[in-house]
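Asks: If you want the building blocks of each chain, they are given just below.
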Amino acid sequence: MPAKEKYLSSGWSRFSKVTAAILGGYLVTMLIHIAAAKIPEDDTNLIITTAYSSFLMWVGFMILAFFIKKAWQVWTLYSLIGLCCAALIFLL
Amino acid sequence: MKLKGLGKRAYNVLFHTHTVSGIVISAALFIIFYAGAYALFRDEIMQWEDPAKRESWNENMDFDRGFQAVDSVFEGLAWSETTTIRFPHETDPYLKIYGAVPKTDSTTKRMAAAVHTSTYAVSNLREAPTTVGNTIYFLHYFRQIPFVGLYISGLVALFFLFASITGLLIHWKNLFTKFFAFIKEGKWKTIWTNLHTVLGVIGLPFQVMYAVTGAFFGLLALILLPSVVVLYEGDSQQVFNKITPSNTITLDPDSPAADNIPFTTLLGQIEAEYPGYEISRVTMRNYGKEDALVTWTISDMEGLMSSGSLTMFMKDGIVLEDVSIRPTEKTYSQVVIDLISVLHFGSFGGMFIKIIYFLLAMLTGFMIISGVLIWRTARDNARYTYKQRRFHHRVTKVYLAFCLSLFPAFALLFIFNKVVPMEMAGRVSTVNGLFFSTWLVLIVLGLFWNNYSRLFKRYLVIGGITAFFIPIANGLVTGDWFWQVWNTLPRVAWVDLYWIGAGISALVLGLYLIKAKSGSDAPLKEVSSGTQSNAIKAKPAIPLKTPQPQLAFKDRP
Numbered sequence: 007m008p009a010k011e012k013y014l015s016s017g018w019s020r021f022s023k024v025t026a027a028i029l030g031g032y033l034v035t036m037l038i039h040i041a042a043a044k045i046p047e048d049d050t051n052l053i054i055t056t057a058y059s060s061f062l063m064w065v066g067f068m069i070l071a072f073f074i075k076k077a078w079q080v081w082t083l084y085s086l087i088g089l090c091c092a093a094l095i096f097l098l
Numbered sequence: 002m003k004l005k006g007l008g009k010r011a012y013n014v015l016f017h018t019h020t021v022s023g024i025v026i027s028a029a030l031f032i033i034f035y036a037g038a039y040a041l042f043r044d045e046i047m048q049w050e051d052p053a054k055r056e057s058w059n060e061n062m063d064f065d066r067g068f069q070a071v072d073s074v075f076e077g078l079a080w081s082e083t084t085t086i087r088f089p090h091e092t093d094p095y096l097k098i099y100g101a102v103p104k105t106d107s108t109t110k111r112m113a114a115a116v117h118t119s120t121y122a123v124s125n126l127r128e129a130p131t132t133v134g135n136t137i138y139f140l141h142y143f144r145q146i147p148f149v150g151l152y153i154s155g156l157v158a159l160f161f162l163f164a165s166i167t168g169l170l171i172h173w174k175n176l177f178t179k180f181f182a183f184i185k186e187g188k189w190k191t192i193w194t195n196l197h198t199v200l201g202v203i204g205l206p207f208q209v210m211y212a213v214t215g216a217f218f219g220l221l222a223l224i225l226l227p228s229v230v231v232l233y234e235g236d237s238q239q240v241f242n243k244i245t246p247s248n249t250i251t252l253d254p255d256s257p258a259a260d261n262i263p264f265t266t267l268l269g270q271i272e273a274e275y276p277g278y279e280i281s282r283v284t285m286r287n288y289g290k291e292d293a294l295v296t297w298t299i300s301d302m303e304g305l306m307s308s309g310s311l312t313m314f315m316k317d318g319i320v321l322e323d324v325s326i327r328p329t330e331k332t333y334s335q336v337v338i339d340l341i342s343v344l345h346f347g348s349f350g351g352m353f354i355k356i357i358y359f360l361l362a363m364l365t366g367f368m369i370i371s372g373v374l375i376w377r378t379a380r381d382n383a384r385y386t387y388k389q390r391r392f393h394h395r396v397t398k399v400y401l402a403f404c405l406s407l408f409p410a411f412a413l414l415f416i417f418n419k420v421v422p423m424e425m426a427g428r429v430s431t432v433n434g435l436f437f438s439t440w441l442v443l444i445v446l447g448l449f450w451n452n453y454s455r456l457f458k459r460y461l462v463i464g465g466i467t468a469f470f471i472p473i474a475n476g477l478v479t480g481d482w483f484w485q486v487w488n489t490l491p492r493v494a495w496v497d498l499y500w501i502g503a504g505i506s507a508l509v510l511g512l513y514l515i516k517a518k519s520g521s522d523a524p525l526k527e528v529s530s531g532t533q534s535n536a537i538k539a540k541p542a543i544p545l546k547t548p549q550p551q552l553a554f555k556d557r558p
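Protein sequences, first through last, are from chains W and F.
Here the numbering used here = 1-based position in the first sequence + 6.
Here the numbering used here = 1-based position in the second sequence + 1.
Possibly wrong hints are sitting among the right ones.
[Said to hold, decoys possible] Short derived list, chain F residues pointing at chain W, Cβ under 7 angstroms: (1) Val14; (2) Thr18; (3) Ile224; (4) Pro227; (5) Ser228; (6) Val337; (7) Phe346; (8) Ala379; (9) Asn382.
In short, the hints are calculated from the structure, not lab data.
Just so it is clear, the structure is predicted and the values come from calculations on it, not from any experiment.
Using N, Cα and C, we set each Cβ at its ideal position, and we do this for glycine too.
Let the hints inform the model, and build the full structure from the sequences given.
Replies: Here's what the structure looks like:
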């Protein structure tokens with residue numbers, strides 16, 4: 007009944023994944039929300055939406071981090087999304 | 002009917018994250034749900050705990066006179082700061098004022114006062130004589146832990162959302178069958194598993210709602226901070242103004258004093274315009290000055306979106322439409338935050354919703370406990386070393402002791418409220434001290450009971466017996482026996498009746514339904530020999546060598 011060990015990562019890889027899930031997930035979520043809030047003229051609705059969408063998205067990124075096989079792939083993906091959003095925030 | 006499930010690897014990985022996140026938050030989450038379920042009835046409990054709140058109130062109170070009374074007691078009350086007013090109501094017959102008083106430096110500190118509706122006597126709410134409702138409510142978000150309590154509760158809510166969603170994903174394939182899996186046959190592991198999934202699937206909407214709204218209250222700072230820093234150069238006031246538009250009106254703190262329309266007259270105007278609505282809160286700034294501003298928050302307490310806020314200057318009483326929100330005419334951004342708190346506090350749909358919430362919270366508590374028992378039972382076999390199994394057993398025991406002792410501890414808190422004399426100085430800290438120390442004693446006692454079924458039984462019996470003393474203590478100390486005040490103070494009577502009902506159910510469960518088996522649930526040094534798979538298969542045949550949870554319902558063989 008407990009999950010089969012052979013599918014689970016271990017050691018540094020596990021630590022890296024957990025960090026990517028919680029911390030990386032948080033940063034990516036926030037960057038996406040801020041970038042989205044930059045797009046429309048009035049950002050009120052988007053800021054208010056953050057109140058609930060941020061938690062759902064954060065948890066989504068947490069799950070995605072465990073879903074992807076390798077920790078470096080997670081970090082690469084999250085860095086790319088983060089950089090794109092940062093660029094949008096800077097440019098808009 | 003089956004849905005397409007996860008792949009083998011994804012299933013195992015997400016299963017593991019579900020287990021780990023669930024186990025880590027479980028005890029804290031149980032406390033949050035258990036205390037939260039009681040906190041839904043905080044108003045009722047607060048009337049029960051303080052006999053002064055059981056009086057009737059003067060319907061024709063002159064509110065302006067009440068404000069002046071507070072002003073003279075709290076010298077230098079800063080009316081220029083937002084001052085909130087709550088009216089006397091069924092469970093609290095006092096006018097309450099929450100404002101600010103200046104400190105020696107230029108800052109202010111919050112104050113709270115209650116005014117008697119006929120004598121206009123002012124009392125300091127921060128030095129209230131009783132604490133049952135507040136102790137439970139504060140425990141709900143760990144306010145007793147300095148500085149970080151609220152954030153811990155927010156993080157627990159966040160990981161509860163994670164555990165709920167991963168739980169949904171791993172059960173996705175069998176979602177339809179799980180919904181109806183009310184099966185009580187089979188091995189204990191199967192029963193715990195079915196219980197866990199059925200309660201998890203049925204309660205999912207409720208649990209996700211609470212996970213999101215709870216995370217919002219706990220981690221608001223964390224999600225707001227980045228947006229405020231990047232988009233508003235760190236000025237959070239601009240964001241809050243979007244929710245309370247009346248704050249955008251700036252007032253002059255030095256404006257001259259003036260005779261405005263009396264507060265009571267304006268109140269009558271609002272009541273006439275919105276019959277059937279309840280004025281849940283009033284906020285004022287610059288009261289008594291020429292530009293005094295008042296905002297009335299009204300709600301019919303039934304619908305999800307039927308609250309609103311009306312802002313006016315007290316000199317003319319004309320509603321400022323630009324900064325007012327008429328009920329049911331809210332825009333999206335005006336609805337969201339309000340909706341989050343209405344959903345979280347169950348302040349819609351009346352008593353019916355609160356009772357449903359209470360029952361769902363209790364079921365969720367049971368889901369959390371069954372989750373831990375699955376975790377332990379699934380690990381109590383030859384695949385794990387003796388040391389590991391002993392660790393699993395200890396975690397389960399500590400965890401069960403923490404959670405299950407809350408029932409008798411809460412019952413004792415209600416007793417302490419009546420036993421500690423009302424006129425005693427430092428009464429609140431005495432009651433809190435008694436509550437937390439008896440809870441600790443109950444937990445430590447539980448650690449000596451190595452048998453889970455005995456743990457369940459004993460806590461239920463202790464709590465059940467204590468519960469019967471609650472209405473008796475209330476009757477003896479205050480004279481309000483529940484059959485006498487049934488018509489006049491129904492909410493007080495209901496608190497007494499709740500405890501009688503809880504006491505009966507706890508005793509029936511503890512003495513009759515749960516049959517304790519002798520022996521201990523602590524792992525044995527030797528597990529049945531053979532290979533791993535044999536050890537598991539051998540379980541039903543050699544029950545004594547691989548101890549099973551020893552909670553048994555009587556109708557089982």
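Asks: Run every hint past the structure and note whether it holds.
Replies: Comparing the hints with the structure gives:
no., hint, in the structure
1, Val14, "holds, 5 angstroms"
2, Thr18, "holds, 5 angstroms"
3, Ile224, "holds, 5 angstroms"
4, Pro227, "holds, 4 angstroms"
5, Ser228, "holds, 6 angstroms"
6, Val337, "holds, 5 angstroms"
7, Phe346, "violated, 15 angstroms"
8, Ala379, "holds, 4 angstroms"
9, Asn382, "violated, 10 angstroms"
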